[in-house]
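For the record, the sequence lines run as chains S, C and H. Here the first sequence stands for residues 454 to 713, numbered as in the numbering used here. Here the second sequence stands for residues 3 to 292, numbered as in the numbering used here. Here the third sequence stands for residues 237 to 587, numbered as in the numbering used here.
Honestly, the hints are just simulated from the structure, not real lab data. A few of these clues could be false.
What the hints assert, rightly or not - Example chain C residues on the side facing chain S (calculated, C-beta under 7 angstroms, incomplete):
id: 1; residue: Ile-39
id: 2; residue: Pro-120
id: 3; residue: Gly-133
id: 4; residue: Trp-282
A virtual CB, placed ideally from N, CA and C, is assigned to each residue, including glycine.
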Amino acid sequence: MTRFLAWLALIFGCVFFILPLVGMGEFSLKMRRGVYSFDAYRKVFEDPTFWATFGYSLVLAAATIVVGVLLVVPTAYWVRLRLPKARPYVEFVTLLPLVIPAIVVVFGYIRLFNTSSILPLTGTAFGTDFLLTMGYTTLALPYMYRSVDTGLRTIDVATLTEAAQSLGAGWLTILARIILPNVMVAVLSGAFLTLAIVMGEFTMAALLNRPAFGPYMQLLGANRAYEPPALAVIAFAITWGCMGLMQLVTRLAKHERAKA
Amino acid sequence: MARTRQGLIQRLPLNWLGLVPFAVFALLFLILPTLKIVIGAFQGPEGGFTFQNMLDLNTASIRSAYWTSIKLSVITALLGGTVGFAMAAAVVFGGLPKAVRGPLLTFSGVASNFAGVPLAFAFIATLGPVGLVTIWLKTNFGINLRAMGWNLLSFWGLVVTYLFFQIPLMILIITPALDGLKKEWREAAAVLGATGAQYWRMVALPILFPSLLGTFALLFANAFGAVATAFALTGPQLNIVPIKLFAQIRGDVLGNPNLGYALAFGMILITAAANTLYIWLRVRAERWLK
Amino acid sequence: MTYLTLAHLEKSFGQNHVVKDFNLTVEKGEFISLLGPSGCGKTTVLRMIAGFEAPSSGAITIEGQDVTGLRTSARNIGMMFQAYALFPNLTVAENVGFGLKVGGVAKAERAARVTEILEMIGLPELGGRYPFQLSGGQQQRVALARALAPRPRVLLLDEPLSALDAKVRVALRNEIRSIQQELGITTIFVTHDQEEALSVSDRIVVMNAGVADQVGTPFEIYNRPATRFAAGFVGTLNLIAAKVIDPKTGTVALAGMNLQVQGTAQRAAGSDVTLALRPEGLRLGRGDGEGAVFRANVASVQFMGSTIRIEVMAAGQKLTLDTFNRADQPPPRPGDEVEISLSGNNAIVLD
Numbered sequence: 454m455t456r457f458l459a460w461l462a463l464i465f466g467c468v469f470f471i472l473p474l475v476g477m478g479e480f481s482l483k484m485r486r487g488v489y490s491f492d493a494y495r496k497v498f499e500d501p502t503f504w505a506t507f508g509y510s511l512v513l514a515a516a517t518i519v520v521g522v523l524l525v526v527p528t529a530y531w532v533r534l535r536l537p538k539a540r541p542y543v544e545f546v547t548l549l550p551l552v553i554p555a556i557v558v559v560f561g562y563i564r565l566f567n568t569s570s571i572l573p574l575t576g577t578a579f580g581t582d583f584l585l586t587m588g589y590t591t592l593a594l595p596y597m598y599r600s601v602d603t604g605l606r607t608i609d610v611a612t613l614t615e616a617a618q619s620l621g622a623g624w625l626t627i628l629a630r631i632i633l634p635n636v637m638v639a640v641l642s643g644a645f646l647t648l649a650i651v652m653g654e655f656t657m658a659a660l661l662n663r664p665a666f667g668p669y670m671q672l673l674g675a676n677r678a679y680e681p682p683a684l685a686v687i688a689f690a691i692t693w694g695c696m697g698l699m700q701l702v703t704r705l706a707k708h709e710r711a712k713a
Numbered sequence: 003m004a005r006t007r008q009g010l011i012q013r014l015p016l017n018w019l020g021l022v023p024f025a026v027f028a029l030l031f032l033i034l035p036t037l038k039i040v041i042g043a044f045q046g047p048e049g050g051f052t053f054q055n056m057l058d059l060n061t062a063s064i065r066s067a068y069w070t071s072i073k074l075s076v077i078t079a080l081l082g083g084t085v086g087f088a089m090a091a092a093v094v095f096g097g098l099p100k101a102v103r104g105p106l107l108t109f110s111g112v113a114s115n116f117a118g119v120p121l122a123f124a125f126i127a128t129l130g131p132v133g134l135v136t137i138w139l140k141t142n143f144g145i146n147l148r149a150m151g152w153n154l155l156s157f158w159g160l161v162v163t164y165l166f167f168q169i170p171l172m173i174l175i176i177t178p179a180l181d182g183l184k185k186e187w188r189e190a191a192a193v194l195g196a197t198g199a200q201y202w203r204m205v206a207l208p209i210l211f212p213s214l215l216g217t218f219a220l221l222f223a224n225a226f227g228a229v230a231t232a233f234a235l236t237g238p239q240l241n242i243v244p245i246k247l248f249a250q251i252r253g254d255v256l257g258n259p260n261l262g263y264a265l266a267f268g269m270i271l272i273t274a275a276a277n278t279l280y281i282w283l284r285v286r287a288e289r290w291l292k
Numbered sequence: 237m238t239y240l241t242l243a244h245l246e247k248s249f250g251q252n253h254v255v256k257d258f259n260l261t262v263e264k265g266e267f268i269s270l271l272g273p274s275g276c277g278k279t280t281v282l283r284m285i286a287g288f289e290a291p292s293s294g295a296i297t298i299e300g301q302d303v304t305g306l307r308t309s310a311r312n313i314g315m316m317f318q319a320y321a322l323f324p325n326l327t328v329a330e331n332v333g334f335g336l337k338v339g340g341v342a343k344a345e346r347a348a349r350v351t352e353i354l355e356m357i358g359l360p361e362l363g364g365r366y367p368f369q370l371s372g373g374q375q376q377r378v379a380l381a382r383a384l385a386p387r388p389r390v391l392l393l394d395e396p397l398s399a400l401d402a403k404v405r406v407a408l409r410n411e412i413r414s415i416q417q418e419l420g421i422t423t424i425f426v427t428h429d430q431e432e433a434l435s436v437s438d439r440i441v442v443m444n445a446g447v448a449d450q451v452g453t454p455f456e457i458y459n460r461p462a463t464r465f466a467a468g469f470v471g472t473l474n475l476i477a478a479k480v481i482d483p484k485t486g487t488v489a490l491a492g493m494n495l496q497v498q499g500t501a502q503r504a505a506g507s508d509v510t511l512a513l514r515p516e517g518l519r520l521g522r523g524d525g526e527g528a529v530f531r532a533n534v535a536s537v538q539f540m541g542s543t544i545r546i547e548v549m550a551a552g553q554k555l556t557l558d559t560f561n562r563a564d565q566p567p568p569r570p571g572d573e574v575e576i577s578l579s580g581n582n583a584i585v586l587d
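Throw the hints in and build the complete structure from the sequences for me.
This is the structure we're talking about:
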């Protein structure tokens with residue numbers, strides 16, 4: 454009985470998840486009347502805007518990952534090593550982005566950093582890109598912090614630090630040469646998740662008026678019929694790839710550790 | 003000289019300096035922008051303090067937007083939570099082959115992140131007017147979904163679409179909690195004469211309660227703040243708060259910038275309330291787990 | 237009257253045959269230990285009595301009722317687990333009252349019973365605490381109280397002491413035994429610790445590879461092990477090779493000496509046997525002159541308090557012997573030449 458219900462729940466879920474994927478896959482192949490073809494994909498790939506927005510989002514994702522790592526790794530490390538008291542507060546702040554909707558945060562950006570403010574970031578394209586990167590960093594913050602903090606838990610931060618200090622290493626060396634390599638798996642997991650989030654993000658980029666991949670997809674969706682599902686397939690593949698890479702690093706690391 | 007310097011450094015709360023970069027970042031890009039909204043919600047056009055913006059929220063259109071948003075978030079959180087719980091429980095306790103678990107969790111990781119614009123496209127291609135399932139049902143069974151009142155670009159269409167990321171999110175978060183239920187508790191309850199239902203009611207659910215509640219709050223906030231999926235699916239016409247706010251930010255459709263602040267402040271208020279409720283109940287429920 | 241019967245129990249997990257033709261009859265109020273190394277099937281037998289595992293074949297009868305196919309919750313048994321398994325969301329009193337509550341006992345009666353049983357285990361003032369506020373020993377006492385509260389027909393103990401530290405372990409096992417005797421509750425105790433089994437049981441079942449090797453009182457098990465496994469698993473043993481000279485009189489030859497032993501009647505003259513001797517069956521010195529005497533060289537001396545364990549080399553092999561401590565007689569030192577003697581009455585003849 455239990456097993457029957459279990460199978461029922463699982464099968465229902467699988468059908469619900471697989472249908473939309475099949476739906477978008479099938480629809481994306483129907484551009485040419487009567488036969489399946491990759492015409493929609495060809496159209497998408499021939500569109501220079503696709504490549505431009507895709508590249509733009511990729512660059513921003515990379516920037517977000519760099520900022521996120523530089524921000525999160527030293528902070529999480531410092532909190533574990535020297536400031537356990539600050540832990541609840543830091544954790545609270547890192548979880549805020551799950552509570553405050555992204556649209557509210559970006560609304561605040563627009564009003565706080567507008568051209569008549571002290572820090573007129575939205576006045577220039579570069580400034581806005583910077584702002585968008587910061588916005589993405591906040592979006593990724595909960596995942597990045599948790600991932601790195603969990604990674605730090607598995608190593609003995611205090612002993613590693615003391616050992617390095619006794620050998621004459623400075624803080625920068627300790628962070629870059631000791632701590633970072635030890636939490637590399639966690640950092641990479643966080644990085645791939647960040648990549649997945651940034652590549653599909655719509656709200657912040659649209660409201661800051663930047664030519665990112667998300668708004669491009671939305672625009673195409675409003676005007677075309679067959680390209681959008683093709684884009685959805687591509688986006689799904691990206692997400693899947695990011696998650697797959699995430700699992701791969703985790704598994705490789707386990708393997709490494711088992712060997713050592 | 004060197005000694006006094008050392009002493010000075012020791013007296014200064016130097017440890018806290020390590021948090022400065024993070025604090026500056028959080029302040030500039032998370033806290034101050036939010037505060038700007040909160041303060042703006044209570045400012046008049048000339049900058050003075052006023053409750054007028056909050057009072058102005060009380061229009062039929064805005065009321066209905068909030069109501070629809072709350073309904074949408076509660077329903078998708080409840081449905082997604084229930085189905086996700088059932089699937090996670092099926093994998094953890096249901097006696098399914100072990101091989102099911104890994105792929106399901108991996109897939110959940112992907113699906114919970116597959117939100118926004120492409121998700122809307124996937125559902126349009128499936129349940130839209132000329133979607134795969136719609137056409138299939140019509141040609142093979144003569145079932146006309148549209149005639150039966152189905153419309154993907156509506157409230158319930160949005161519910162079904164949101165479930166695509168709500169269910170996997172639930173699975174991801176609740177599976178570790180279910181793993182934490184010890185086999186011995188179930189066995190001890192059975193030996194003491196408890197039925198399966200009694201075990202769930204008196205032991206398992208109370209233990210899971212904080213996690214269930216936390217996940218519900220998260221799912222609620224997740225749906226409440228989502229813009230992209232709804233926007234790509236229905237465009238600007240569906241009357242939910244995030245879409246309204248989106249339109250307001252783009253073009254001041256309310257005709258009053260400070261009303262926009264109030265609208266956003268309302269969103270913060272609701273997600274904050276959901277999370278406060280969660281934290282409060284969690285503390286109560288976890289007396290036995292310090 | 238037979239209270240609990242396990243008849244021809246078999247259990248296989250796939251290809252793995254864990255319990256083979258297991259038979260046991262238990263009297264009312266008996267304390268039975270299932271003793272064996274990990275993986276011997278003792279826990280599986282217990283779990284079949286509890287109803288967590290269904291036997292592949294065979295029958296389980298309690299008070300004349302066949303419970304083999306009965307679900308766990310209807311069997312009316314009590315159980316203590318290795319890892320406490322207290323419900324963390326319930327207080328001590330609620331944990332103890334759980335069985336009564338699901339059994340439909342009224343609130344007032346339940347409270348009275350909980351108070352009574354908490355006094356019995358010596359924790360009357362802890363009813364309002366949560367499990368996480370208790371020490372391991374206290375938690376396991378509460379688990380005992382919880383198991384006993386609904387007045388079960390049989391009490392099952394699944395290595396309940398193994399997670400505790402040594403001192404608590406001894407105290408609690410004595411407490412369990414005395415409460416068991418006070419209530420006269422039929423108890424099955426699974427353990428891999430021979431000392432535990434020997435000290436509290438009415439009878440012990442020595443299990444090996446899914447089979448009950450020997451069933452008997454602690455005295456029998458210790459002094460007359462039926463198999464080499466039982467002999468080796470319970471206690472320390474010296475094994476000495478010998479040859480049967482005359483099966484009728486029980487004369488065997490070892491290291492050039494003759495010795496009278498019991499248990500050779502079934503064996504042919506000239507066959508090889510092994511004599512097993514407990515360390516306390518060997519004596520330092522000549523003794524009363526009966527039996528065999530060896531010259532030996534002391535290899536090591538362990539002073540253990542009331543007894544002294546001495547390892548010696550004799551007749552080309554290492555032998556272990558125990559002797560009582562006496563204040564006026566210092567033990568030998570390593571390297572000393574000594575004489576040791578053994579009596580045939582203490583020797584067990586094995587194949």
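Which numbered hints turn out to be false for this structure?
4
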